[in-house]
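Protein chains: 2
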Amino acid sequence: MGIRAITNNRNVTMDVIKELKIKIQSQNLWAKEVSLKRNEYLIRAGSIERYLYFVEEGTIRAFIEDEGEEQAIRFAYPNSIITALDSFFSGKPTRFNLQAIKQCKLRAVEKEAFNNLMGSNEENSKLFLQMLQALVVQQMDREIDILTSLPTERYKRVLERSPHLFQEIPNKHIASYLRMTPETLSRIKKS
Amino acid sequence: MGIRAITNNRNVTMDVIKELKIKIQSQNLWAKEVSLKRNEYLIRAGSIERYLYFVEEGTIRAFIEDEGEEQAIRFAYPNSIITALDSFFSGKPTRFNLQAIKQCKLRAVEKEAFNNLMGSNEENSKLFLQMLQALVVQQMDREIDILTSLPTERYKRVLERSPHLFQEIPNKHIASYLRMTPETLSRIKKS
Numbered sequence: 181m182g183i184r185a186i187t188n189n190r191n192v193t194m195d196v197i198k199e200l201k202i203k204i205q206s207q208n209l210w211a212k213e214v215s216l217k218r219n220e221y222l223i224r225a226g227s228i229e230r231y232l233y234f235v236e237e238g239t240i241r242a243f244i245e246d247e248g249e250e251q252a253i254r255f256a257y258p259n260s261i262i263t264a265l266d267s268f269f270s271g272k273p274t275r276f277n278l279q280a281i282k283q284c285k286l287r288a289v290e291k292e293a294f295n296n297l298m299g300s301n302e303e304n305s306k307l308f309l310q311m312l313q314a315l316v317v318q319q320m321d322r323e324i325d326i327l328t329s330l331p332t333e334r335y336k337r338v339l340e341r342s343p344h345l346f347q348e349i350p351n352k353h354i355a356s357y358l359r360m361t362p363e364t365l366s367r368i369k370k371s
Numbered sequence: 181m182g183i184r185a186i187t188n189n190r191n192v193t194m195d196v197i198k199e200l201k202i203k204i205q206s207q208n209l210w211a212k213e214v215s216l217k218r219n220e221y222l223i224r225a226g227s228i229e230r231y232l233y234f235v236e237e238g239t240i241r242a243f244i245e246d247e248g249e250e251q252a253i254r255f256a257y258p259n260s261i262i263t264a265l266d267s268f269f270s271g272k273p274t275r276f277n278l279q280a281i282k283q284c285k286l287r288a289v290e291k292e293a294f295n296n297l298m299g300s301n302e303e304n305s306k307l308f309l310q311m312l313q314a315l316v317v318q319q320m321d322r323e324i325d326i327l328t329s330l331p332t333e334r335y336k337r338v339l340e341r342s343p344h345l346f347q348e349i350p351n352k353h354i355a356s357y358l359r360m361t362p363e364t365l366s367r368i369k370k371s
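Going down the list, the sequences are from chains Z and V.
Position one of the first sequence corresponds to residue 181 (this note's numbering), numbered consecutively onward.
Position one of the second sequence corresponds to residue 181 (this note's numbering), numbered consecutively onward.
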């Protein structure tokens, strides 16, 4: 089982998610459907994550709290997946809060069912490996984003990598994700 | 193939590295041995990474450059592994610089040999999955570290998770990793 080079994280991830969904569907592994109103929480910091969610409609913000401030760290849109990943992998309470930005429809697969599926044959393991490698590369990119001191540079990096973000997510949350004020973000976008 | 819960990242990672090393050894997959003098580079930003390195002796610092400043992002010590991970997984030029802090001895396995090994049977795929999941959780922890605004809190988080760091790595590099001045780090350590 060789590992394909990841030339475009988002596309690879989108393809992998589609494939995953088909597999879950065909084996009837959906545990539940979840509807969220705007601002409703999918999970709060301190809880144990038992599900992986596929977003059908709506958008979700993952954030951590730091000194009473909410720091956006990830977003999910239709056709992407989301979970409190730290807890999903470690079994320990999550540090993340997942909250609906817009009204959402999600489908959930349980952690055990997902892990069993991913380990059931070589093709699936390969898919999971690809997913994890893409995730590692994305997280490296995110680390570099955060460590980039010039706000304009942070903006450019994210715009290039995730242009869809700017269509889907309100400015104030993007500003938090980019670690700048909404005013700075507006000024950069105009310039 | 179920996936074991990762209860202690460092221990799991150390166990996985030991197992990996035995497998590489028994199949004679070492591509080369590398010796580095203090301050010598293993790889510089802009290069393509072809190897995964096992540290036998010495310590290595991974850093990125931002506006002329070097930002430490990872360290490697004896019995840990290191590579320019972004490039190793993506095939694209790395953003990282890997430099010896102390004189080093490393053993390298080539990317293709490593990938073939990891895909050669179910046990190895499982090992690789564990490694990747532990890595994802570590990266999440690192992201939360960086986003934690109080220097004392950042210090505490890293001290709790990686006490060995403070034995192995000079203060100025730890300070850079913790995003504070060496003076602030000294003050926090004393208090």
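Since the hints were made in silico from the structure, they are not lab data.
Since the model is a prediction, treat every value here as computed from it, not as a measurement.
Each hint should be verified, as a subset may be incorrect.
Identical copies carry no separate label here, and so any pair may be met within one copy or between two of them.
To be verified - Here are the simulated lysine to aspartate or glutamate pairs, EDC-like style, with alpha carbons at most 16 angstroms apart: (1) K336 - D246; (2) K272 - D321; (3) K201 - D246; (4) K369 - E302; (5) K352 - E363; (6) K217 - E199; (7) K369 - E292.
Against the structure, the hints:
1. In this homomeric assembly, K336 and D246 come within 16 angstroms of each other (Cα to Cα) only across copies, at 15 angstroms, whereas the closest approach inside a single copy is 25 angstroms.
2. Taking the closest pair of Cα atoms, K272 and D321 come within 16 angstroms of each other only across two copies (13 angstroms); inside a single copy the shortest separation is 25 angstroms, beyond that limit.
3. Within a single copy, K201 and D246 get their C-alpha atoms no closer than 34 angstroms, and across copies no closer than 39 angstroms, so neither meets the 16 angstroms cut-off.
4. For a Cα distance limit of 16 angstroms, the shortest separation of K369 from E302 qualifies neither inside one copy, at 46 angstroms, nor across copies, at 49 angstroms.
5. In this assembly of identical chains, K352 and E363 lie within 16 angstroms of each other by CA distance solely inside one copy; the values are 9 angstroms within and 35 angstroms between copies.
6. In this assembly of identical chains, K217 and E199 lie within 16 angstroms of each other by CA distance neither inside one copy nor across copies; the values are 28 angstroms within and 47 angstroms between.
7. In this assembly of identical chains, K369 and E292 lie within 16 angstroms of each other by CA distance neither inside one copy nor across copies; the values are 44 angstroms within and 42 angstroms between.
Hint violations for this structure: numbers 3, 4, 6, 7, all remaining hints satisfied.
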